[in-house]
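Trainee: Residues per chain are reported as follows:
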Amino acid sequence: EPEVTQTPSHQVTQMGQEVILRCVPISNHLYFYWYRQILGQKVEFLVSFYNNEISEKSEIFDDQFSVERPDGSNFTLKIRSTKLEDSAMYFCASSAGQGAADTQYFGPGTRLTVL
Amino acid sequence: QKEVEQNSGPLSVPEGAIASLNCTYSDRGSQSFFWYRQYSGKSPELIMSIYSNGDKEDGRFTAQLNKASQYVSLLIRDSQPSDSATYLCAVNGFTGGGNKLTFGTGTQLKVEL
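Chains as they are written, first to last, in this note's numbering: chain A, 1 to 115; chain B, 1001 to 1113.
One thing to keep in mind: the hints can contain errors.
[Said to hold, decoys possible] Each computed BS3-like pair below joins lysine-lysine, with the alpha-carbon atoms no more than 25 Å apart:
#1 B:K1110 <-> B:K1042
#2 A:K57 <-> B:K1002
#3 A:K57 <-> A:K78
#4 A:K57 <-> A:K42
#5 A:K83 <-> A:K42
#6 B:K1067 <-> A:K42
#7 B:K1002 <-> B:K1067
#8 A:K42 <-> B:K1042
#9 A:K57 <-> B:K1042
#10 B:K1042 <-> A:K78
#11 B:K1110 <-> A:K42
#12 B:K1056 <-> B:K1110
#13 A:K42 <-> A:K78
#14 B:K1056 <-> B:K1067
#15 A:K57 <-> A:K83
#16 B:K1002 <-> A:K42
#17 A:K83 <-> B:K1042
Hint data in this document are derived by calculation from the structure and do not stem from the laboratory. Small disclaimer: the values here were computed from a predicted structure and weren't measured.
Hey, can you work out the whole structure from these sequences and the hints?
Mentor: Here it is in structure tokens:
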């Protein structure tokens, strides 16, 4: 069964450093998303991406964040200058379409720890 | 601010019983509703989706939607210890550009032997 994959599973970084989180969405999916979940809190939407453009972003997704689809399979989230409060699980998701009924399938997540 | 509300629990039920999980949402324009299961330290896993008023059954799971009351629920019949997890209610309003999911905080379910 096709699935979303993410690497690395755990990333530890120093405050102020740049990190890139990688995702491989399900192969025939066209819509891609990043969510994050701070420990003990709810899953929060960061950004959606389609046709090489950001479709929507939340207020969390400020200038330190960027997304890119560098090739036909990868989808990346870059955090330019990490802060302590960026420590969280980051989930990538993908869906086949953008209709409200199109299910989003989540990857296993990357646990980011900022020291 | 679009909100999705859930009782955080824990909800404890004995093995074999019916577990009832509830969710309310604030945005009347919401079009689709999802229940995800999340084990500790893992990613959300889709359990059920529902788009129309009424009930939708899939195996031991039944989702119920009442758009007039802005209420969605999940029933788990014959609860098993493996059902012990946090159940996340998610709502999709489809803004026409983003298709983002808004999640509740989740209800922790404990199925006891």
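Trainee: Each of the hints needs a verdict: does it hold here or not?
Mentor: For each hint, the structure was consulted:
Restraint check for K1110 (chain B) and K1042 (chain B): satisfied, since their Cα atoms lie roughly 17 Å apart, inside the 25 Å limit. For the proposed pair K57 (chain A) and K1002 (chain B), the alpha carbon gap of about 15 Å is at most 25 Å, so the pair holds. With a C-alpha separation of about 14 Å, the suggested pair K57 (chain A) and K78 (chain A) falls inside the 25 Å cut-off, and the hint holds. Distance restraint check for K57 (chain A) and K42 (chain A): the Cα-Cα separation of roughly 17 Å lies within the 25 Å cut-off, and the hinted pair is therefore satisfied.
A threshold of 25 Å between alpha carbons decides the hint, and for K83 (chain A) with K42 (chain A) the separation of about 19 Å falls inside it, so the pair holds. Under the criterion of a C-alpha separation no larger than 25 Å, the hint pairing K1067 (chain B) with K42 (chain A) is consistent with the structure, at around 23 Å. At roughly 15 Å between alpha-carbon atoms, K1002 (chain B) and K1067 (chain B) fall within 25 Å of each other, so this suggested pair holds. Only pairs whose Cα atoms come within 25 Å are accepted, and K42 (chain A) paired with K1042 (chain B) is accepted, the gap being roughly 13 Å.
Distance check on the hinted pair: K57 (chain A) and K1042 (chain B) sit about 24 Å apart at the alpha-carbon level, within 25 Å; holds. Distance hint between K1042 (chain B) and K78 (chain A) is fulfilled; the C-alpha atoms sit about 22 Å from each other, no more than 25 Å. Of the supplied pair hints, the one linking K1110 (chain B) and K42 (chain A) holds, its CA atoms being roughly 19 Å apart against a limit of 25 Å. Using a Cα cut-off of 25 Å, the hinted pair K1056 (chain B) and K1110 (chain B) holds, with the two alpha carbons roughly 23 Å apart.
Pair hint K42 (chain A) plus K78 (chain A) holds up; C-alpha atoms about 21 Å apart against a cutoff of 25 Å. Between the alpha carbons of K1056 (chain B) and K1067 (chain B) the distance comes to roughly 14 Å, so the proposed pair stays at or under 25 Å and holds. For the suggested pair K57 (chain A) and K83 (chain A), the alpha carbons sit about 19 Å apart, so the restraint of at most 25 Å is met. The straight-line distance between the Cα atoms of K1002 (chain B) and K42 (chain A) is roughly 14 Å, inside the 25 Å bound, and the hint therefore holds.
Distance check on the hinted pair: K83 (chain A) and K1042 (chain B) sit about 23 Å apart at the alpha-carbon level, within 25 Å; holds.
Violated hints: none; the structure is consistent with every hint.
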